[in-house]
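Protein chains in written order, with the numbering used here: chain A, 955 to 1186; chain B, 52 to 369.
Think of the hints as simulated: they come from the structure by calculation, not from any bench.
Do not rely on the hints blindly, as some may be mistaken.
If you only want the chain B side, here are some residues facing chain A, beta carbon under 10 Å, derived [unchecked claim]:
| id | residue |
| --- | --- |
| 1 | Thr66 |
| 2 | Gln117 |
| 3 | Ser181 |
| 4 | Pro196 |
| 5 | Trp199 |
Looking from chain A toward chain B, a few residues come up when the C-beta cut is under 7 Å (computed) [what the hints assert, rightly or not]:
| id | residue |
| --- | --- |
| 6 | Phe1011 |
| 7 | Leu1040 |
| 8 | Ala1121 |
Don't be surprised by glycine CBs; every beta carbon is placed ideally from N, CA and C.
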Amino acid sequence: MDHEDASISYVLGTDALGRDILSKIIAGARVTVLVVVAAVGTGIIVGTTIGLVSGFFGGIVDDVVMRIVDAWNILPGLLIILVVVLVLGQGLWTLIGVLAMISWPGAVRLVRAETLSLKSREYVSLARVAGASNTRIMIRHILPGVVNIVIVTATLGTGNIILTEAALSFLGAGIPPPEPSWGRMISEERQYIDAAWWTSLFPGLVIAMVVMSGNFLGDWFRDRVDPTLRQL
Amino acid sequence: MRRYLIRKLIFAIITLLAATMFVFGLSRMAGDPLLLFAKPGGYGMSPERVEQLSQKLGLDKPLVVQYLVWLGRVLTGDFGDTIVSETSVRKLIWERAAPTMQLAVASFILAILMGVPLGVISAVKRGSLSDYVSRTIALVGQAAPIFWVCIMAILLFAVTLDWLPVGTAGPDDVPFWTWAKFKYLVMPAFALGWGPAAALLRLTRSAMLEVLDSEYVTLARAKGTNYKIVIWKHAFRNAILQPLTTSAIVLASFVTGAVVVERIFAWPGVGQLMTDAVWNNDFPTLTSTVLVFTAIFVATNFLADMLYGVLNPVIRYD
C-alpha cells in the first residue's frame, strides 16, 4: 500500500499504509475527547475541592496549599510529565492522570480567591448563626458562587490540555498506539511530507481548529457569565 | 521589598530541591540503570563487572545517600557521567547550551518585536483591518500545535519553496550573524516565537485598550496633544508594564517548546539531549538536564517577580 491523494472515496487522502485520513481523524477525536474531558474534569474537581477547603479554613493548611501551587506553577510542566509517563509506562489512564496534574493548580488559585471573598459575606454569617455546619456552608452556600468561575477556567484550560496531549503523542508519550491519535498521526507521517503533505496538514488543522473553538467558547462564556473576569 | 525578595529566593531554592528529588526518585523507579549496560541479545555481564559498575555509580548505597551524593556533586558543578557514552554530562550540557540559548534568545526577541507593536496597533486601530489581521495571528499562534507549525514551515519554506535549509544548526566554522549560519535559525525561531508572540499581543492589546479608555488619555487628547504622543508617551508607557513582566514568564515557556522544536529541526540543543536521555533511561543526563531547565524556569520567574516589584511600586509585598 502507498499514499493516495485525495479522491471521492478518500476525501483527505490516505496515509503510508493506505488508511483513510478522514476516518483516522474521526476515530482520533473520540479518544482525544475522552482523554481531555476526563483530565480536565479530574483536575477541576480536585482543584475546586482543594481551593474551597483552603480558602474556607485558611491558616496553615491554606499556606501549605498555596506554596505547593506556587511551586507547581514555576516548574516546567511538560518535562515533568514526560518523565512521569516514561516511568509509569504509556497508557490511557496515566495520560489522563498527568494531564489532570497540570490543570488543577489554576482552579485552586481562582476558587480560593472567590471563596475568600464569599465567606465574609453576610449570608454566610447568617447561615452560621442559623446553625449550619462548615461542610453545609461550603457545599450549599459557597460552592454555587464559585461554579461560574470553575466552568470558565475549565473551558479556557481545555485548549491547553489538547495541545499538551498532542505534543506528548507527538513525542511518543501520549495516547498509546492501537488507538489513533492526532499528534501521533503527524509524527508518524512527517517523514513523508515531501511526497504526501496532506497526511500532516489535516490532523494539525483539526487540532488547531478544536483548540480555537475551545478558546472562543471560553471567551464567550467568560464574558457572558461575568464581564469583570476579562483578565482571566 | 528586601524581605519579600529573600522569601521569594528561599522559596525558589526549595522548589528547585523538591523538583530534583522528584525527578531523581522517578528516574530510579524506572528500572535498574545497570541493565542498560547489558546489551540486548548480548552476553550479559560478569558478576565482577556488575560489582565494579555498581560501586562506580554508587548504586550499592541507599537511595537517599545516592541522592545526597549526587546533589553534593551537582552543587560543585560535577554532573557525573552519562550511562550511554560514559562522557561527562557537564561537558555535554555545556556543548548543547549555546545552540539552545541562541534559539531561545532569537525567539524571545522575535516574540517581543512581533507581539508588542502588533498589540499596540490592534488596540489603537480597533476594528480596522490591521486589528483583525493581528488578532488572527494571535488566535492561530495560540491554537496551532508547535510541532505542526514546524512541519508546515518545513513543507512550505524548505520543501516547496526551497528558501531555507533544515536539519541542523548550520556549519560550525562561521559566526551566527552571517547568513550562511543564520538562515538555519529562521524557521526554528519563528516556530518557537509565534506562540509567545501571540500571548504578548493579546496582553498588550487588552492593556492598551484599558489605558486608552482612561480619563487622563481623554484629557490629553482634549488638550489637543498630538495623538501619536498620547499613544506612545501617555498610554503605551503605562500599558506596557503588565506585558513586560509577563514576558519573563514567556521566556520560561520556551523551555517546553524548545524540546519539541529541537527534535524536529535536529537542533543540537539541550532539549534534544533531554529527550534522548528519556528514551535511553540515562538518568544522570536526564536529572541534570531537567535540573538545568528547571533552574532556568525558576530563575526567570524570580526575575519576573523582581521586575514587577521594581516597575510597579504600588505592589504589596506580603
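Which of the numbered hints above does this structure break? Failing hints, ascending: 2, 3, 6.
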